[in-house]
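Chains as they are written, first to last, in our numbering: chain A, 1 to 297; chain B, 298 to 624.
Hints in this document: simulated from the structure, not taken from any laboratory.
Cβ atoms here follow ideal geometry from the backbone N, Cα and C, with glycine treated the same way.
Warning: the hint list may mix true and false statements.
[Claimed, not checked] What the simulated footprint calls covered on chain B by chain A, stretch by stretch (three residues with Cβ under 8 Å from a Cβ of chain A suffice, anywhere in the stretch; the number is not a length):
| hint | stretch |
| --- | --- |
| 1 | 401-408 |
| 2 | 485-499 |
[Claimed, not checked] A few chain B residues that don't get close to chain A, going by computed Cβ distances all over 12 Å:
| hint | residue |
| --- | --- |
| 3 | Lys359 |
| 4 | Ala390 |
| 5 | Leu477 |
| 6 | Glu546 |
| 7 | Ser550 |
| 8 | Ser578 |
| 9 | Gln602 |
| 10 | Ala613 |
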Amino acid sequence: MELTVGPNQFFWKSDQWAALYNDLADAPVDRVVLGEVVCSKRLPFYQDRIPEAISTLLAAGKQVSLTSLALVTLKRERKLTEQLFEMGVGIEVNDLTALAYLPQDTAFSVGPLVNVYNESTLKWLAAHGATRICLPPELPLKSIQVLAAAAKDLDVAIEVWGYGRIPLAMSGRCYHARLHNRTKDNCQFACDQDPDGLEVHTLEDQPFLAMNGVQTLSDSYACATHQVKALTTAGVSALRLSPQSEDFTRLCHLFHQRMGGALDADTFAANARDLGTGMRLSDGFLSGARGADWSGS
Amino acid sequence: MVMEIVCPAGTPAALRAAVRAGAHTIYCGFADETNARNFPGLNFDRTEMREGVAFAHGHGSKVLVAINTYPRAGSEHIWHSAVSDAASAGADAVILADPGLLDYAARHHPQLRRHLSVQAAAANADVINFYAQSFGVKRVVLPRVLSVAEIVAINAQTEVETEVFVFGGLCVMAEGRCSLSSYATGRSPNMNGVCSPASHVEYHESNGTLDARLGGYAIHRVGKDEPAPYPTLCKGCFSAGEKSGHLFEDPVSLNAEQLIPQLQKAGVTALKIEGRQRSRSYVAQVVRNFRAAVDALDAGLPMPQGMLARLSEGQAVTTGAYKKTWR
Chain A
1 MELTVGPNQF FWKSDQWAAL YNDLADAPVD RVVLGEVVCS KRLPFYQDRI
51 PEAISTLLAA GKQVSLTSLA LVTLKRERKL TEQLFEMGVG IEVNDLTALA
101 YLPQDTAFSV GPLVNVYNES TLKWLAAHGA TRICLPPELP LKSIQVLAAA
151 AKDLDVAIEV WGYGRIPLAM SGRCYHARLH NRTKDNCQFA CDQDPDGLEV
201 HTLEDQPFLA MNGVQTLSDS YACATHQVKA LTTAGVSALR LSPQSEDFTR
251 LCHLFHQRMG GALDADTFAA NARDLGTGMR LSDGFLSGAR GADWSGS
Chain B
298 MVMEIVCPAG TPAALRAAVR AGAHTIYCGF ADETNARNFP GLNFDRTEMR
348 EGVAFAHGHG SKVLVAINTY PRAGSEHIWH SAVSDAASAG ADAVILADPG
398 LLDYAARHHP QLRRHLSVQA AAANADVINF YAQSFGVKRV VLPRVLSVAE
448 IVAINAQTEV ETEVFVFGGL CVMAEGRCSL SSYATGRSPN MNGVCSPASH
498 VEYHESNGTL DARLGGYAIH RVGKDEPAPY PTLCKGCFSA GEKSGHLFED
548 PVSLNAEQLI PQLQKAGVTA LKIEGRQRSR SYVAQVVRNF RAAVDALDAG
598 LPMPQGMLAR LSEGQAVTTG AYKKTWR
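Isolated chain A, as found in the complex (with noise of 0.2 Å):
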């Protein structure tokens, strides 16, 4: 299985955010999607940074795609989802409104955050053009399996969610915005504080959820280290790795060990949780009762 990593879901400086793509093309990963999936308010502070990531990474020898918005609702967001096809490289659909833009023959990935749940779907996307699919992250193995063999009849790429937040929600509504008092219009980027979202507790003070904006994520970090091998045989083609503000380039090397074989998936996990400190994991999604489950120690 290859890595592929997703867009920065949240709202860093530029200066880190461009940081983050030069690192990356000297990780061993494939393939980078970037651009903005959460909120259209953040692009202006690191839009002009974009173009000198997309060149870096392509020198690097890695593949590269733009993200779309998850949530198209405004006119100026219509136009720079329009706008996207026009950038030159490759283009990761996060809301069908993308594909009312698609130009003739363009061929496309698909994010997570597009509900393909079965194989009528994934084969009126491959229809349209769809080449690479990344699953969404709420599906478990057993539907994985089905739509992987399905996708291989069409020569569409499957990925999975493989580590980090798990996008769970997204809202017209800012909660960064809210939790100060303040509208979304108004919102004076409360979000920018958090580079890995605002941690949400239970009333009993126990980590569920993280705030981001106008999205909400779990508190755990999902990780597929014990799912590696069904993954595999499966015939899923990429792990999806979300990038955090630190220590991420050494997490992707990680899970290259891992996938090489060289990490064992608990010694994998132990590895990754030294990274970040109260790290909790998750992989309930793909083989536990629900999501918020972990199949480790």
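On the provided structure of chain A, position chain B as indicated by the hints.
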């Protein structure tokens, strides 16, 4: 044109009550995982659906069948037969969200009218027109993330009819894009047609307080003699940073009755009431009130005021995203 009142029915009795109360249109689903209100004891078997459609048609009302979960890989035949059975029951339309299922319906039942479910969260005119072009969708149920001004803009740029929620439960997340419930319980709206399922709710009393847990997560706490709201995830009580409280949304329900004239001006075709899990008397009362409102509007008479106050009594209401400041 009088705005169309689209009313929920979780049971044949609720369907008949809604029809008698003046609902132009009823929406309902089969008693399985194919619809987004897959609750125990609710929904229609095949015979009930045929009889329900016949009853509604006999009284001049329409029936829409919601088949709006995302079909499970390897088991799509369950959803396919739901579409076929809706067609043979004489349904006036099916409400679908999944592109694969829309494609199936368009190919195999081209005469059966197709509505795009709110679960598809189609939030702009371009994607709505794309669904129309791809699958012949005639109506879209708009996601609850849009302001009235945005609905105006959508209607100006599409021929597809729009239907909007005006009363009842309120999703604060974009519909069909939320897996909070399956993260905590393993059961989700997209896959199972349930959100924050009762099977995973526990109440725990100690030291004079009553905690409500969902999937083991404590998300509500009230004094033991206070009414305990149902622990729906996005309306739970949490803490983040320095703050604690209802960080996503208060335990409110939607009531946009006062916005009906604006929604009509915005070009909205139909007003949708949430609540297939509600009793037939509740449904009948809500229908009577909304029917009175749209009839008054059509006759150029003033809107009845505060007509649904009693039904929302004891519960906070909101106009949701229709007013931009909600965001």
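State the violated hints by number, sorted upward, taking the hints as numbered earlier in the document.
1, 5, 6
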